[in-house]
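Engineer: In order, the protein sequences belong to chains A and B. Residue numbering for the first sequence is 1 to 511, as defined by this note's numbering. Residue numbering for the second sequence is 1001 to 1427, as defined by this note's numbering.
Because the hints were derived from the structure by calculation, they are not lab data. Among the hints, a few may not be true.
[Stated by the list, open to error] Covered, in the sense of this in silico footprint (three residues per stretch, anywhere, with C-beta under 8 Å from a C-beta of chain A), are these stretches of chain B: (1) 1081-1090; (2) 1111-1120; (3) 1266-1280; (4) 1310-1322.
Note that the structure is predicted; figures quoted are calculated from it, not measured. A virtual CB, placed ideally from N, CA and C, is assigned to each residue, including glycine.
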Amino acid sequence: MTERLFEGADWDFHTLQRITDACEEVALGDLGLDVYPNQIEVITAEQMLDAYSSVGMPLFYKHWSFGKHFAYHEASYRKGLMGLAYEIVINSSPCISYLMEENTATMQTLVIAHAAFGHNHFFKNNYLFKQWTDADGILDYLDFAKNYVMQCEERYGRTEVERTLDAAHALMSHGIDRYPGKKKLDLREEEKRAGRRRQHEEEVFNDLWRTVPKGASKTRTAISLERRRKLLGLPQENLLYFLEKSAPRLAPWQRELLRIVRHIAQYFYPQSQTKVMNEGTATYVHYRIMTKLHQQGRITDGNFLEFLGSHTNVVFQPEFDDQRFSGFNPYALGFAMMQDIERIVASPSDEDREWFPDIAGKNDVMGVLRDVWANYRDESFIAQFLSPKLMRNLRMFHLHDDPEERAGIRVDAIHDERGFRRVRRELARQHDVGYIDANIEVVDVDLSGDRRLILHHRVIKGSQLNETDAKRVLQHLADLWTYDVALIEVDANDKVLREYVVSPRPITAAA
Amino acid sequence: MAIHIIDRRLNPGGKSLENRQRFLRRAKSLVQGAVKKTSQERDIKDVLEGGEVTIPLDGMHEPRFRREGGTRDMVLPGNKKFIEGDYLQRSGQGSAKDSGPGEGDSEDAFRFVLSRDEFVDLFLDDLELPDLAKRKIAQTESDGIQRAGYTTSGSPANISVSRTVRRALARRIALKRPSKDEIDELEAAIAASTDEDERLELVARLEKLKAKTKRIPFIDPLDIRYRRYEKVPRPVAQAVMFCLMDVSGSMSEHMKDLAKRFYMLLYVFLKRRYKHVEIVFIRHTDRAEEVDEQTFFYGPASGGTLVSSALQAMHEIVRERFNPSDWNIYAAQASDGDNSYSDGELTGLLLTEKILPVCQFFAYLEVGESGGSAFDLSDSSLWSLYERLRNSGAPLSMRKVSERSEIFPVFHDLFQRRDTAQEKAAP
C-alpha cells in the first residue's frame, strides 16, 4: 500500500499506468466520480501548439485562421512570453487527455488527476454538456467535417470555400441555440445525413428539368407580417441557423459548411458557460487526489511540495490593483467555492446555516458537490453558492462605471451585510454568457420587396457594437444572404440608436 | 477500466503546415512588405536566414460582434479601503484601467517567425529577369516526362492493370476459355444426375473443360501492358548574366561593399529562381579578368580604371561561348563612375556597337560614398556617357546608390516584374 508510485522526476509509461490506476482508485472510490473511459496521450510542445491553434481539438478542417493562431502562439512561446498548458482535455468518449512530455512525474500525476478525472467527471455529468454535446460522436464528426471541407475545396475551389468559412466564423458566436427544445444533437447521424442528401441529389438528378421553360411565377399577394414571421421562424437569434435554412441563394454545400461551423460552436457553448465550475471541479478533484496519495505515502513529501507549488500558482488570484490582475481567475474562484461548499457542508457557522439551509451541516460533502457539478452552470452556481465568508475572504466589491457620471466610478457595494447579495448577483451576471454576448436577432425579411434582412441588436446599458467590427461582420452576413442586410440597434424603449445597412459584394470582386 | 496510454510524440509533425501556408498566402502582400522592410536592416548573409517579421494585423483580422462602451459593472477582488458610495477617479488610477474579460490580449501588431525558405521566396517573389525570350530547345535539359501510350515491357510499378485485364478478357473470349459459371453448372448437373451414362458423359465434358481452362491462362504474360513514359525536351530559355565590377583603386571599401551586396543579391536571386542561368563574373581595374565567384566576392585587387576593358572582355566571352541568337544576355555593371577620359569614347563605342545590340537588358549601378547624396555632385564621366546613350534609346537602366539601405529598393526596382510596374524613368 505504501509503495511509492515513482521516485524523483522521471517517468515512463509504466509509471503513467501506475499513476492512473492510483488516481482512479481515489477518484472512483473516495470521491465517487463517474467518468468516461480514459485515453491518455503524451505529446510534444509542437503538438501542443498544434492543438492550441485548432481550439484544442485533435483534428480540424483546414483554414488560414488556424495558421495565424499557430504562428502567433509559436512566436510568443519561442520568446518565452507564454508558457504552454500542462495538458489539454477533450470532451469526448473516450475522454482524451494530452499530457506534455516535459512534465515531471509529479506534474503528470497532477494533470491526470485534474483532467482525466476532474474534467472528465464534469463533462460526463454536467447537465449542459449532456444537453448540448455528443461526446461519443464528436471526433467522428470532426473527421467528417475535415473531409467535407476538403471535398468542397476540390469541387468548388479553395477561394469559395474560404469565403464561406470566413463568413461563418465571423458569425460563429451567433450560431448557437441557447434554449433546448429540439432533439439532442447526434453527430454520427449528421454525418450520415450529409451523405444521404448528396446521394439523393445524384439519384434524382435529371438534366432535362433544367431545360423545361418555367412559367411566370405566380405573383404572391403580400402576406401579413405575422404570417411571414411565423413562416421564417422569426425572431431568430441563431443567425447561422437562419442563414442555413433561409438564405435564398446559397448552394447546398455552403449550407452544410454553415451547419458544421454551427455544430462546432454549439459543442463549445457549454464550456464557455462553465469555466469557473469546470476548472473548480478539476482543481478540487486533483487537490483531493494528491492529498490522499500523499497520505497513503504513495508520493513523497518532496513530490507533494512540488505539487503544492504548482497548485498554488494555478489558484493564485491577484488583487484588482495588482499589475498581474486580469479579471477573476476561474481556477481560483472555482476552487475556493468548492472548498467553501465543503466547509459549509461539514462544519457550518450560523451565518452559513442562515444562507444555505439546504446544504449546511449535511455532512455528505461529495454527495452535495456531485449534485452541484451536475446541475449548475457558472451563473447559477455563483448566484446560489457564493458565501458571505468567501466574499469577505476575497474582499469583493462592486464598481459601477457610468460614463455620464462626472464624479467617477461609484463603489456600489462591498463585502458587508448590505452588499453581499448585490455583489453576488453582479458577479453571477458577469458569468452569464447570455448577458455578455450581444443580443442580436433576425426580426424580419422584406419578402415582397428587396429581400432586405433586418436584424435588431437590443442594446443593454448603452453598450453598442464596435463599429468597424460590426460592419465587417455584417459584410460577411450580407455576402451569405446575397441581398442587403440592415442592423438596427435599439435600446430597451425601442428607440433606434444606430442603423447599419450593408450590401453584398459581387462574388467575383471578392475572390 | 482499461486505460489507454498512447505515445503521440513520434507522430509526424508539421500538422499546422498546411494552415500556415494558407495564412501566408492570404497575408502575402502584408508579409512581403514586412520582409522587404526587415531585409533593409540586415546583413546580406542574414537575409537568407529567415527570421521574425511583424505585420499589421488589420488585414488578417477576424471580426466578431463586440460590444463596447456604455455603463459597466464589475466585481473585483481585493478591496482595501473602499466603502459603499465612494467614488474613484477615472483616469490614471490603476483601478479604473482594469479590463473586462476578453479584452486583455490585443494583438494589433502581429509578430511571427518565417523560415529561411519562406523568407527568400517572399522576398524574391515579384522579381524576374526582364524580356526573357529566345526560347531554344536545349539538348541537355529534358526533365519533362509525359505519358506516351503502352508498352509490352517495363517495370512492375508501371503495369497498367485495366489495360492488362482488358486484353486478357479479350483473349479469353476469343479462345473460348470456359467460364467458372459453366464449370459450376456442369458440376451441379453431375451431382444431380441419376443416370450413370449421362453422368460419365458429363464428367468427361467437365474434364475437357478443365483441361482447356488450364491451357488457356486467366492472365497470360502476353496480356501484360505497361504504361509508357517519354521524356520530352522542354524549351528552355537560356540566359547568361554578366556581372561587371569595378575594383580599381578609386573604389573605396564602402563602394566595394555596396557593389558586392548588389551582386550577392543578384546571385541569390538568379540561383534561386532560374535553373538555367549562367553567371559570368568579370572584374576589372585597367584590365579585366574573368574570375570565379569566390574571387569575385572575396578576392582583393586594385589598380587604375579602364571600363572598356571589361566590356571588351564581355564581348569576347559572348563571341566565344554565348551565341546571341540562342542566349538571353544580361549584364549588370557596378562602378563608382570614374573612368579615364580617353577611355570614354571607346567605352561608348563598345557599348553601342557590340554589347547593347546583343543584350536584353543592361543595368548600371553607380555606387557613391556614404553620406554624400549622389544627386548633389555633378554626374560622373561614366554616368553622363551612359545617360547620353540611354537618351538615344539604348536599353539601359541606371541607378545610383550610396547607402546600404538603398540596395534592396534599387535591386527591386531594377528587376521588378514589368507587367506590374512599367519601368519608371531613372533619376
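Engineer: State for each hint whether it applies.
Structural biologist: Taking the hints in turn, this is what the structure says about them:
1. 1081-1090: holds (count 9)
2. 1111-1120: That given contact holds, which follows from 3 residues of the stretch 1111-1120 of chain B lying within Cβ reach (below 8 Å) of chain A.
3. 1266-1280: violated (count 0)
4. 1310-1322: violated (count 0)
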